[in-house]
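Dock chain B against the given chain A, drawing on the hints supplied.
Line order of the protein sequences matches chains A and B. Our numbering numbers the first residue of the first sequence as 1 and each following residue consecutively. Our numbering numbers the first residue of the second sequence as 290 and each following residue consecutively.
Incorrect hints may appear among the rest.
Claimed, not checked - So, partial list: chain A residues that the calculated Cβ filter (under 7 Å) puts toward chain B: (1) V12; (2) T23; (3) P112; (4) L267.
To be verified - Interface residues of chain A toward chain B, partial, derived using beta-carbon atoms under 10 Å: (5) E4; (6) H24; (7) W162; (8) Q177; (9) M179.
FYI, nobody ran anything at the bench for these hints, they're computed from the structure. In this text, a Cβ means the ideal position worked out from N, Cα and C, and glycines have one as well.
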Amino acid sequence: MRKETVQGWLLVLPALILLVAFTHWPAATTLIDSLYTTPKGSRPPRFVGLDNFTDLATDPVFWMAMRNNAIYALWTIPASVILALLMALAVNTAIPGRALARMAYFTPTMLPMIAVANIWLFFYTPDYGLFDHILGWFGGGRHNWLGDRDTALPAMIAVAVWKEAGFFMIFYLAALQAMPPDLKECAALEGSSRLNFFRRVTLPLLMPTTLFVLVNAVINAFRLVDHVVVMTRGGPDNATILLLYYIYEAGFRFWDTALAATLTVVLLALLGLLAWLQFGVLGKRVHYR
Amino acid sequence: MRIPTRSLEILGAWILAVLWVLPLLYALWTAFHPGEYATRFSLTAPLTLENFRNAWAAAPFARYFLNTTILVTLILVAQFAVCTPAAFAFARMEFAGRNVLFAIMLMQLMVMPDVLLVGNYRTMAKLGLVDTILAIALPYLGSAFGIFLLRQTFLTVPQQLDDAARLEGCTLLGRLWRVYVPLARPTYIAYGLVSVSYHWNNFLWPLVITNSVNTRPLTVGLSIFASTDQGIDWSIITAATLMTSAPLLVAFLLFQRQFVQSFMRAGIR
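Next up, chain A with everything else stripped away, as it sits in the complex (with noise of 0.2 Å):
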């Protein structure tokens, strides 16, 4: 074997053993652990095929979490990116107050989401939360904004923006800051208007920044699930169960390990796919420099 092999193969391999060690491995082991039953006191895990999978099918809470899920997804993904463009849009020019606008963007992501859903919770407080407050000038009476089926995920929807949102942001003005000056000195020589030239020069020379900032979204829908451990615990009657939460209370409250790895599978194969999706589909829209 040439030594540059061995050389490649030694500097590589720590990094290698951890990485397959903590996600391949465990991938693998989820994998064969959904076919199996869950172990009980004595009984060893007997093999059951796709058993497990075709309970999750007729398991509510199953749909009911999937369904929450592509709920959050399709709320938090557009919001955040969007207010994230227009935050950086706006901070990119010269408005008075520019760097307390940003800092007042960006400091959301600097805070634990626990931090965050503790201060959020105090707002939804009925009665006494910010939010009672705020209505109750308008006349408005007391809501359990956690407590209510219709109000609980929307909740826990804006939380995840409002901390998320910033954070894209950076990403966007680092793009507009690398832009060439020149473009829009070229486009004010042609006459085009401001409209004009965001929607033909500026959305598609961000293209690359918005894949990017695209699927940290998609990862984080799926992912972060911190303010729904501490402010509703999936509840109430699961209004707000999120696939990886439901994960957790499987594996981690009812011990129940075939649910909680067929449950992995599931996101996994979730993951996966919008992987390619983003990558496959959206990637060849894309230009590079």
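Same frame as chain A, but now just chain B:
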């Protein structure tokens, strides 16, 4: 026509900024005033540190701070040590299986350890590591993100510098240490900041893998503190919340420029 749209834009930007900072200001108000002012605004409300004193006394926050500090330091040092050689090999060496290995590694960008709670818990149980700080850190040490980021930076190092060092008789590791690492300093700072803030704030995996005061990081400690003994004393909970976020928040406010630039650098690929 132009001026009104412009002022509207500025107004919009400011409304958004106020909306974004309001929750934090509200938290600050609650934490620094006596409990009865938590939901009542008055300019004459007395300032107090009592809430912070009570929170600090009610739970072992000193220990939680220590645990989190050990955790983020351990992760940071190990990530640098593990990712640097791998990134160098992927950037500047030709070896059999390189592209396959690189592809295997990149898969972690989409499937993060956070999702694999159940599988990783079992591994830790087999290794006898449940409820240790090492177990919180282990799944994150081989970081595809870190390797990718450093590789991109190493690729921009001029080959001539590398060749010159080689002619001077510098060994492989010597070149990595003397040429590549110093030139990649901004990337290390960027990656370090991203890593520290991620793991300072990480919650779900530490919640699952720890079950005692001596290992719990701040986030888990805070969630237990807020959910159990405090009932609904919002002033104390808010004080504890701000206390646990304070180190990062203060560091961010002091070094805002570096933070923002680092996050940007970590994002541009």
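Comparing the hints with the structure gives:
The interface hint given for V12 of chain A is met, as the beta carbon of that residue sits about 5 Å from the closest beta carbon of chain B, less than 7 Å. The beta carbon of T23 of chain A is positioned within 7 Å of a beta carbon in chain B (closest approach about 5 Å), and the interface hint is therefore held. Interface restraint check for P112 of chain A: the shortest CB-CB distance to chain B comes to about 4 Å, inside 7 Å, so the restraint holds. Because the smallest distance between the Cβ of L267 of chain A and any Cβ of chain B comes to about 6 Å, under 7 Å, the interface hint for this residue holds.
The interface hint given for E4 of chain A is met, as the beta carbon of that residue sits about 5 Å from the closest beta carbon of chain B, less than 10 Å. For the restraint placing H24 of chain A at the interface with chain B, the shortest Cβ-Cβ distance is roughly 7 Å, inside the 10 Å limit, so the hint holds. Annotation: interface hint on W162 of chain A holds; nearest CB of chain B at approximately 7 Å, less than 10 Å. Taken as an interface hint, Q177 of chain A checks out: its beta carbon lies about 9 Å from the nearest beta carbon of chain B, inside 10 Å.
At a threshold of 10 Å, the smallest CB-CB gap from M179 of chain A to chain B is about 13 Å, leaving the interface hint violated.
Figure legend: structure checked against the earlier numbered hints; the only hint not met is number 9.
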